[in-house]
Each structure stands twice: as structure tokens, then as C-alpha cells.
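Since the structure of chain A is already known, use the hints to place chain B on it.
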Amino acid sequence: MTGEPLLAATGVTRLYGDHIGCIDIDLAVWPGEVVAIVGESGSGKTTLLKCLAARLPPSSGTITYRSRDGAAEDIYRLSEAARRALMRTDWGFVWQDAAEGLRMTVSAGANVGERLMATGARHYGRIRSAAVDWLERVEIDARRIDDDPRSFSGGMRQRLQIARNLVTGPRLVFMDEPTGGLDVSVQARLLDLLGTLVRELGLAAILVTHDLAVARLLSDRIVVMKEGRIVETGLTDRVLDDPSHPYSQLLVSSVLQA
Amino acid sequence: MSGPRVAVEGVSKTFRMHLRGGLELPVLRDVAFTVMPGECVVLRGPSGTGKSSILRMVYGNYAVDTGSILVRSGRGTVDIATAAPRDVLALRRSTISYVSQFLRVVPRVSTREIVAASLSGDGIEAAAALDAATDLLLRLNLSPNLLGLPPATFSGGEQQRVNIARGFISSHPLLLLDEPTASLDARNRAAVVALIKAKKASGTAILGVFHDDEVREEVADRDVDVTAFVPGREAA
Numbered sequence: 001m002t003g004e005p006l007l008a009a010t011g012v013t014r015l016y017g018d019h020i021g022c023i024d025i026d027l028a029v030w031p032g033e034v035v036a037i038v039g040e041s042g043s044g045k046t047t048l049l050k051c052l053a054a055r056l057p058p059s060s061g062t063i064t065y066r067s068r069d070g071a072a073e074d075i076y077r078l079s080e081a082a083r084r085a086l087m088r089t090d091w092g093f094v095w096q097d098a099a100e101g102l103r104m105t106v107s108a109g110a111n112v113g114e115r116l117m118a119t120g121a122r123h124y125g126r127i128r129s130a131a132v133d134w135l136e137r138v139e140i141d142a143r144r145i146d147d148d149p150r151s152f153s154g155g156m157r158q159r160l161q162i163a164r165n166l167v168t169g170p171r172l173v174f175m176d177e178p179t180g181g182l183d184v185s186v187q188a189r190l191l192d193l194l195g196t197l198v199r200e201l202g203l204a205a206i207l208v209t210h211d212l213a214v215a216r217l218l219s220d221r222i223v224v225m226k227e228g229r230i231v232e233t234g235l236t237d238r239v240l241d242d243p244s245h246p247y248s249q250l251l252v253s254s255v256l257q258a
Numbered sequence: 001m002s003g004p005r006v007a008v009e010g011v012s013k014t015f016r017m018h019l020r021g022g023l024e025l026p027v028l029r030d031v032a033f034t035v036m037p038g039e040c041v042v043l044r045g046p047s048g049t050g051k052s053s054i055l056r057m058v059y060g061n062y063a064v065d066t067g068s069i070l071v072r073s074g075r076g077t078v079d080i081a082t083a084a085p086r087d088v089l090a091l092r093r094s095t096i097s098y099v100s101q102f103l104r105v106v107p108r109v110s111t112r113e114i115v116a117a118s119l120s121g122d123g124i125e126a127a128a129a130l131d132a133a134t135d136l137l138l139r140l141n142l143s144p145n146l147l148g149l150p151p152a153t154f155s156g157g158e159q160q161r162v163n164i165a166r167g168f169i170s171s172h173p174l175l176l177l178d179e180p181t182a183s184l185d186a187r188n189r190a191a192v193v194a195l196i197k198a199k200k201a202s203g204t205a206i207l208g209v210f211h212d213d214e215v216r217e218e219v220a221d222r223d224v225d226v227t228a229f230v231p232g233r234e235a236a
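In order, the protein sequences belong to chains A and B.
Residue numbering for the first sequence is 1 to 258, as defined by my numbering.
Residue numbering for the second sequence is 1 to 236, as defined by my numbering.
So that you can see chain A by itself, here it is in the shape it has in the complex (with noise of 0.2 Å):
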């Protein structure tokens, strides 16, 4: 009913030595779509999402995306400059530690006009007003432009990460844990965040978070993973509500209720 996936993996696996990353994933993401990647420290979820994500290469299998023009490429036989204009305009990336995704020592006005250049932008009055633009959206007064992240709290930073990331109107963006490491009340404001600008995007996501009330704020399927294989997917509230393999069961019901 809705087409063609824009990310396609097929019999994905990752392997470190004898060491098992992920193994044997088949997943698609449609556009418009968020999909939450869940499961325990160590089930593979984070190693899954760098190879979707184009940064790391899989043992076996291969991960196509459907670019703009329609045609669907495996994303590591992209020529490298291919694969960075993806990186820079297509895509985006919410690390759960805002220094992997933010340069620490420019402006948050530069890290924002950054991926704006990076896209070609040269006017700079233009770029610094799509800047002030974004800050605003994600709710950073607009007076610290130049002040840079370093001066940032965490929430703070991960709402610059955000902005940085979706100035260049990506189609999808993968999120490692972005509420992680946040006091539980800048959580909440980063959800709502991310869940409006999502919707008011569009953007098809993939999420890997280890706490489920998250996945079900954010996501609309699920993806439990253990020991490095999917054991179970499917819509987030049926998973979440009445979830039938024994993993996901024994998951669901170890949630303290607050």
C-alpha cells in the first residue's frame, strides 16, 4: 500500500572476531516511518544501527537506501563522495553523547551553518538566519549563537544536535539513545521535541533506545533484539502491549510502573 522502503537491510551481520555484533537482520524502513531498535547493553541494537547507518561495514549482507531519484543503491558500493553527500544531506545522526555529533569548540551558529555549507549555502546572511531559525525550533534562545556547545547543558546540546541535524531537511536520521544520560524533566521536552518534528517533518527515523516508554512515545514499530538477532517486530503498542516471544515478555514486564 505505500511502496517502496528507503532503508533496506537483508540477512545483516556484523561479526567481531568470533565475537557476534548482529546476525542475519532482515529490516526495512519506509519513509515517514519510526522504527525503535530495543533490547539489553549487548543484544547488537547499536552495532545494528552503525551499519544501517553506513558506518560499519557488515560481515555479510547488504543495506540498501532509496535515494531521492528512486533508485535504491547498496550504501557500501556508494563512491565515498556519494556516500558523504548522504551523510551530510539525506541523512542525519543524534548520538546519545552530543560531542560525537557536535564540533565542541565552534560557535552553535557554526554547527548549524556547517551542514548548510556542507549542502553548497553560501549567502552568509542567509545561513546565520536559518541558524537563529533552527535554535529557535528546538527551543535554544537564540542570544547564545555564539557562545560555543561546550557552554551548553546536556539537554542543551542535544538540542543543538538536533538542530544541526534537520537544518538540511534529511529524509531519515538514526538516534543512538538521544534521551540517554538527561535528567528525566529535560527528557521529557527533547520527546515532545523530536516526536513534533518528526511528525511536522516527516522524517522516517531509526531509534535505538533501551527504555521502552521512550519506543512508545516515538516510535510506530518496534524491533526487539537479543543476542544480536531480532526476536520479535511489529507495531510499538502491540509489542509493547501484549508481546509474544519470551524475551520481549520477560523486557515488558520488568518496567517499573512510576
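Hints listed in this document are in silico derivations from the structure and should not be mistaken for laboratory results.
Ideal Cβ placement from N, Cα and C applies to all residues, glycine included.
You may find that some hints are simply not true.
Calculated cross-link-like contacts (lysine to any residue; reagent style SDA-like; alpha-carbon spacing at most 25 Å) [claimed, not checked]:
#1 Lys226/A x Arg86/B
#2 Lys200/B x Gly45/B
#3 Lys226/A x Gly45/B
#4 Lys226/A x Arg20/B
#5 Lys226/A x Gly22/B
#6 Lys226/A x Arg16/B
#7 Lys226/A x Glu24/B
#8 Lys226/A x Phe15/B
#9 Lys226/A x Ala63/B
#10 Lys226/A x Leu23/B
#11 Lys226/A x Arg139/B
#12 Lys226/A x Lys200/B
#13 Lys200/B x Arg139/B
#14 Lys226/A x Leu86/A
DEER-style ranges, computed between Cβ atoms [as the list claims (entries may be wrong)]:
#15 Gly232/B x Glu4/A: 44 to 54 Å
#16 Ala82/A x Gly48/B: 52 to 62 Å
#17 Ser47/B x Leu15/A: 43 to 53 Å
Leaving out everything else, chain B in the frame of chain A:
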């Protein structure tokens, strides 16, 4: 375009409790009924017979073991029992609304925005959606000074009315109601009954569970006796 809005046929459901050594709890067997446009069908039976489970299966929230749940939408008929997640989501955006007993929302979002968000699939402008949310919440007798606040600190009855507003604000042709009047006083029950009658008059098919006999008698066109679908003791 006549014919049922939803047709349930041969549906069964068993819960397998893997943390209880694989204990199997058969809850429903051979569930079959239809709901026509403009009709309110009420699921009846004592607590624990699986009334809410039926609603949840129709919404796609519980998996269906066997049988079919055919929902007619603007884009054809979809079998919820086997539909892909994104097709179920598309149906929820276009066709099915569900008023559950629990309010689950992103923290710190205002009540008005939560209700307006239910219109996001209908292509309505944000300002118009907020106005519609305000109107509906006021009709449900929510105090105007609550509308800008998140519902986390609201009373049970207030939260329930927020949930009702989320379900009723859109014009989806299938509405699922899980005890929408359970914690409401007489005045608010009357407001909900009026809303249900208006939905029926506009052709919405309604499938509901109501513990309140008065409300049920006012809105129900037909009952479905859920005890008929409870698996026999020999199966348990």
C-alpha cells in the same frame, strides 16, 4: 457503499505466558459480529470475559491468533488480523479512533495540543485543530483554565474526558470505546451520551464496552454477548 464498517469472523485469542512456564490462557474463541455505519454495538459480559481484548484486537493493539477483522476504509478493506504495521497505522490515521481507559501521552504537552494532535492525520491546519480541541474539551465540561496544562495532574474523570476528546475529535468512521463513562458524574455522562448520539447520526460505526446500564440503554442499538465466545473449560 453499504455493508458493515467492521466484520469480525472466527477470531480467537490465547495468551501464552512464557514467564509462567508457557502457561496458555485461551480467552476468546470464534468471535463473530459486525458493526454497520451509524450503529452502536455494545460488547456485554462480566469482567474478564475479554470485552476489552476484542476492542484491542480491532484496533490492532493485540495480536489475533486466527480469524479475520475486516475494516472498510476509504482505500478499500483491510484485514487487521494480518495487516502490516504501517497499514494498521494508516487505518488509525484515517478510519479508526479508540478511547482507551488509560491516557498515555508525552509529558509536559498541553491538554489542548494533545487533543489537537489527533487531527494531524486529517490535513487540518494547526490553529483550526487547536480551536476544535478547545470546543470539544469545553463541551465535555473541562475547566477552561486546564486546557493549557498537561493532563498528568488531572483527576481520573478529567483525564478520561481528555481521552474521550482525543477519540471523538476526528471524523473517523469507526469508533472504539472502552468504558468511556466509567469515572464520570451524571452531567459528564450526559455530555458523552450526546456526543455518541451525534456520532451515530453522522454515520460513525461504534463498538463499545459500557458498564453503566443507563448509558448503554441510551446509546446501544444491539448487544453482542461475549460469554458466547469464552472457550469452554475443557479447552483451558
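Hint by hint, here is what the structure shows:
1. Lys226/A x Arg86/B: Since the Cα atoms of Lys226/A and Arg86/B sit roughly 24 Å apart, the hinted pair holds (cutoff 25 Å).
2. Lys200/B x Gly45/B: 23 Å, holds
3. Lys226/A x Gly45/B: With Cα atoms ~40 Å apart, Lys226/A and Gly45/B exceed 25 Å; violated.
4. Lys226/A x Arg20/B: 20 Å, holds
5. Lys226/A x Gly22/B: 19 Å, holds
6. Lys226/A x Arg16/B: 19 Å, holds
7. Lys226/A x Glu24/B: 24 Å, holds
8. Lys226/A x Phe15/B: Judged against 25 Å, a Cα distance of about 22 Å means the pair holds.
9. Lys226/A x Ala63/B: 21 Å, holds
10. Lys226/A x Leu23/B: With Cα atoms ~22 Å apart, Lys226/A and Leu23/B stay inside 25 Å; holds.
11. Lys226/A x Arg139/B: 48 Å, violated
12. Lys226/A x Lys200/B: This hinted pair is violated, its Cα atoms lying about 47 Å apart.
13. Lys200/B x Arg139/B: Given that 25 Å is the threshold and the Cα spacing comes to 18 Å, the pair holds.
14. Lys226/A x Leu86/A: Not satisfied, since the Cα-Cα distance of roughly 30 Å exceeds 25 Å.
15. Gly232/B x Glu4/A: 44 to 54 Å: Holds, at about 47 Å.
16. Ala82/A x Gly48/B: 52 to 62 Å: 59 Å, holds
17. Ser47/B x Leu15/A: 43 to 53 Å: Given range 43 to 53 Å: holds, Cβ gap about 51 Å.
In terms of the numbered hints stated before, the structure departs from hints 3, 11, 12, 14, listed from lowest to highest.
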